[in-house]
Amino acid sequence: MEFGKDNISGERNKNLNDQLPFGVYDVDYYEGRLKSRALKYRLNRRTSEVAKALTKYLNRTPESVLDVGTADALMLGKLNQIWPKTRFIGLEMNRSLLMTTKIDGVQKIEGDALALPIDSQCVDAIVATAVIEHLPDPARFVSECNRVIKREGIIVITTPDPNLEHLASKLGLLKESGHHHTFTLDTICQLFEQHKLEILESRKFMFSPIGFPAEIFIERIIRYFGLGMVLANQLLVARKS
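Residue 1033 in this note's numbering is what sits at position 235 of the sequence shown, and the numbering runs on without skipping anything.
A few of these clues could be false.
Cβ pair distances, simulated, as ranges [said to hold, decoys possible]: (1) T859 / S1000: 18 to 26 Å; (2) S1039 / L832: 12 to 20 Å; (3) T853 / G903: 33 to 41 Å; (4) K850 / P1011: 15 to 23 Å; (5) N842 / V1028: 37 to 45 Å; (6) S918 / Y1022: 40 to 48 Å; (7) H993 / I1016: 32 to 40 Å.
No lab work stands behind these hints: they were computed from the structure.
Cβ atoms here follow ideal geometry from the backbone N, Cα and C, with glycine treated the same way.
Please put together the full structure from these sequences, using the hints given.
Rendered as structure tokens:
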């Protein structure tokens, strides 16, 4: 079972990081998370949604979790506090962004989401939050996820609602950049179904980009009345049968 090795130093990595492809964040993303209330909130909220999905659909402590597009790996650090015995692997294309943090219990790998440097069928869960819209070939990414995930393993994806993210960007609440594609819940479900993955859950979440008390309760009411179009983020959970 091979997860790759920590490879965040060396000449090859330096060359890869000289010119970042369109859609790959630089270290200013990490720096922004230290200052921006919106970025801090989105990290915490996405982490919460991922943790709930892993708990609900795996029904056991995961042996291994791969976070694709991990950036600074802060999410994995938070998940490691919940499951300290789980092996967490964070994959990121930008070496400089990976090196912004050192987090106990998290293995960092520099690599490409479209060619995962990991053996087939060796991880229990794959997480990719706000990543798939940044990839030039989402179908290839889903194919790679299908390859490396174990049978009965789950994939947790989040992606922003394109219309509401554009509005939030115009209002100065976040910086919208680097997107190759946009997705609705229908189109992202279709993409995963085309790769023979079972959709376990798909829904909208995040009423506010900065958060406020009782937001999750309010979101339940919003979804109950069929008003999910006002929620800013989208969650997909899929399983390999």
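- [ ] Given the range 18 to 26 Å, decide if the beta-carbon distance of T859 to S1000 lies inside it.
- [x] holds (25 Å)
Task: Outcome of range test on Cβ distance (S1039, L832; 12 to 20 Å) - done: violated (41 Å)
- [ ] Kindly confirm whether 40 to 48 Å is satisfied by the beta carbon distance between S918 and Y1022.
- [x] The hint (40 to 48 Å, Cβ to Cβ) holds, given that S918 and Y1022 are roughly 41 Å apart.
Open item on the list: Taking the Cβ atom of N842 and the Cβ atom of V1028, is their distance within the range 37 to 45 Å?
Closed with: About 21 Å separates the Cβ atoms of N842 and V1028, which means 37 to 45 Å is violated.
Task: Supplied distance hint 32 to 40 Å, evaluated on CB atoms of H993 and I1016 - done: At 34 Å between Cβs, range holds.
Open item on the list: If I claimed the Cβ atoms of K850 and P1011 lie 15 to 23 Å apart, would that claim hold in this structure?
Closed with: Cβ of K850 to Cβ of P1011: about 19 Å, so the range 15 to 23 Å holds.
Task: Range agreement (Cβ of G903 with Cβ of T853, hint 33 to 41 Å) - done: Check failed, 18 Å falls outside 33 to 41 Å.
The structure is inconsistent with the numbered hints 2, 3, 5, although it conforms to all the rest.
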